[in-house]
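Protein chains: 2
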Amino acid sequence: MAEDLTLVDSLVQSSFLVQGVMRRVAARQDLSVIQMRLLGILRDREPGTLLLSRILELDKSSVTGLVDRAEKRGLVERVPDPDDGRAVRIKLTRGGRAIVTKGAAEVEAEIETVAAGLTDPQRRQLAGLLSRFASPPARPAVPGTERSPS
Amino acid sequence: MAEDLTLVDSLVQSSFLVQGVMRRVAARQDLSVIQMRLLGILRDREPGTLLLSRILELDKSSVTGLVDRAEKRGLVERVPDPDDGRAVRIKLTRGGRAIVTKGAAEVEAEIETVAAGLTDPQRRQLAGLLSRFASPPARPAVPGTERSPS
DNA sequence: TATTGTTATACTCTATAACTATA
DNA sequence: TATAGTTATAGAGTATAACAATA
Chain A
2 MAEDLTLVDS LVQSSFLVQG VMRRVAARQD LSVIQMRLLG ILRDREPGTL
52 LLSRILELDK SSVTGLVDRA EKRGLVERVP DPDDGRAVRI KLTRGGRAIV
102 TKGAAEVEAE IETVAAGLTD PQRRQLAGLL SRFASPPARP AVPGTERSPS
Chain B
2 MAEDLTLVDS LVQSSFLVQG VMRRVAARQD LSVIQMRLLG ILRDREPGTL
52 LLSRILELDK SSVTGLVDRA EKRGLVERVP DPDDGRAVRI KLTRGGRAIV
102 TKGAAEVEAE IETVAAGLTD PQRRQLAGLL SRFASPPARP AVPGTERSPS
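Protein chains in written order, with the numbering used here: chain A, 2 to 151; chain B, 2 to 151.
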């Protein structure tokens with residue numbers, strides 16, 4: 002069983018599978034995937050609204066709302082940018098960091114479970130191939146794009 | 002460059018990449034990913050509201066709204082189920098089929114572009130590994146789960 | 001003038017609870 | 001009683017357009 006899918010089909014189906022895992026993990030903290038992804042991005046950065054909108058590929062006004070809701074729940078905070086009076090820096094609170102750390106660990110664990118059928122060499126191979134796929138060398142992308150909650 | 006990510010990281014990142022492709026392709030038809038996914042599911046089935054809700058992992062009332070909007074745009078239609086007076090069958094219209102066919106081709110083309118850096122054997126290998134990942138043999142899932150617009 | 005960010009508005013997506021109709 | 005589906009409601013997520021403040 003499980004006759005091989007095409008490359009595209011297998012990528013599309015696994016993307017839904019992974020998104021489903023993230024959705025269930027985020028839901029446990031009463032968060033959406035996009036909220037968890039926001040927290041994931043903030044783990045190693047303090048971007049402004051505009052940069053966040055480029056990373057997430059959302060309109061800046063959508064980011065304002067996203068950050069509003071996260072801030073209301075005490076997960077992130079806005080601090081004034083010392084170098085630019087117009088700008089803010091958005092950063093994780095301690096509570097936000099705790100939640101994203103836990104969420105990342107749970108996503109990791111659940112995906113590892115799904116991948117349990119693969120041997121170690123197969124896992125390394127898959128990781129290597131996907132790395133090249135997910136980060137093509139010649140990609141004129143936005144700096145910092147596609148860093149995600151893991 | 003592109004030092005290898007962990008298996009989980011590469012899966013998460015590629016899932017965002019693929020979802021981004023689908024979002025842009027669907028947006029060209031002024032559709033969301035979930036609407037395009039709905040059309041994709043209907044390509045080879047005429048499920049009822051309840052079965053659709055299990056496939057999409059949404060509440061049945063969410064499916065009602067989803068189908069309402071698709072029907073209003075002439076992409077799907079509800080026909081009475083001949084075997085059950087309570088049920089409906091949701092099916093693609095001709096226009097809906099045209100759109101999903103085009104969308105699937107575009108997703109295919111865009112993902113192929115991203116995968117252009119891989120050799121043929123690498124592509125086969127990746128497809129094979131992902132197939133086993135995306136459809137683990139021992140998965141007590143809902144029948145029909147995770148079929149997507151491609 | 002251009003950039004950073006927010007606000008106002010409208011629509012889609014989603015879940016919960018309550019309901020109707022049929023089995 | 002149970003099942004299939006819809007409706008009412010509320011909230012999150014998103015984009016567009018217009019705005020304020022700073023560069």
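Please note that a few of the clues may not be correct.
Because identical chains share one entry, a pair is satisfied inside a single copy or across any pair of copies.
Unchecked claim - Here are the simulated SDA-like cross-link-like pairs (lysine to any residue), alpha carbons at most 20 angstroms apart as the crow flies:
1) K61 / R90
2) K103 / R90
3) K103 / S132
4) K73 / A116
5) K61 / R95
6) K103 / V80
7) K61 / R25
8) K61 / G21
9) K103 / T7
10) K61 / A28
Bear in mind the hints are in silico, worked out from the structure with no lab data behind them. Since the structure is predicted, the reported quantities are computational estimates derived from the model, not experimental observations.
A quick look at each hint next to the structure:
With identical chains, the CA atoms of K61 and R90 are at most 20 angstroms apart within one copy only, with a shortest distance of 14 angstroms there and 40 angstroms across copies. With identical chains, the CA atoms of K103 and R90 are never at most 20 angstroms apart, being 24 angstroms at best within one copy and 42 angstroms at best between copies. Taking the closest pair of Cα atoms, K103 and S132 never come within 20 angstroms of each other, the shortest separation being 24 angstroms inside a single copy and 28 angstroms across copies. For a Cα distance limit of 20 angstroms, the shortest separation of K73 from A116 qualifies neither inside one copy, at 37 angstroms, nor across copies, at 41 angstroms.
Proximity of K61 and R95 under a CA criterion of 20 angstroms is satisfied in neither setting, with 25 angstroms inside one chain copy and 37 angstroms between copies. When the C-alpha separation of K103 and V80 is checked against a cutoff of 20 angstroms, the pair qualifies neither within a copy, at 25 angstroms, nor between copies, at 46 angstroms. Proximity of K61 and R25 under a CA criterion of 20 angstroms is satisfied inter-copy only: 18 angstroms between copies versus 27 angstroms inside one chain copy. Taking the shortest alpha-carbon separations for K61 and G21, only the inter-copy value of 17 angstroms comes in at or below 20 angstroms, while the best intra-copy value is 26 angstroms.
For a Cα distance limit of 20 angstroms, the shortest separation of K103 from T7 across copies, 18 angstroms, qualifies, whereas the shortest one inside one copy, 34 angstroms, does not. For a Cα distance limit of 20 angstroms, the shortest separation of K61 from A28 across copies, 18 angstroms, qualifies, whereas the shortest one inside one copy, 25 angstroms, does not.
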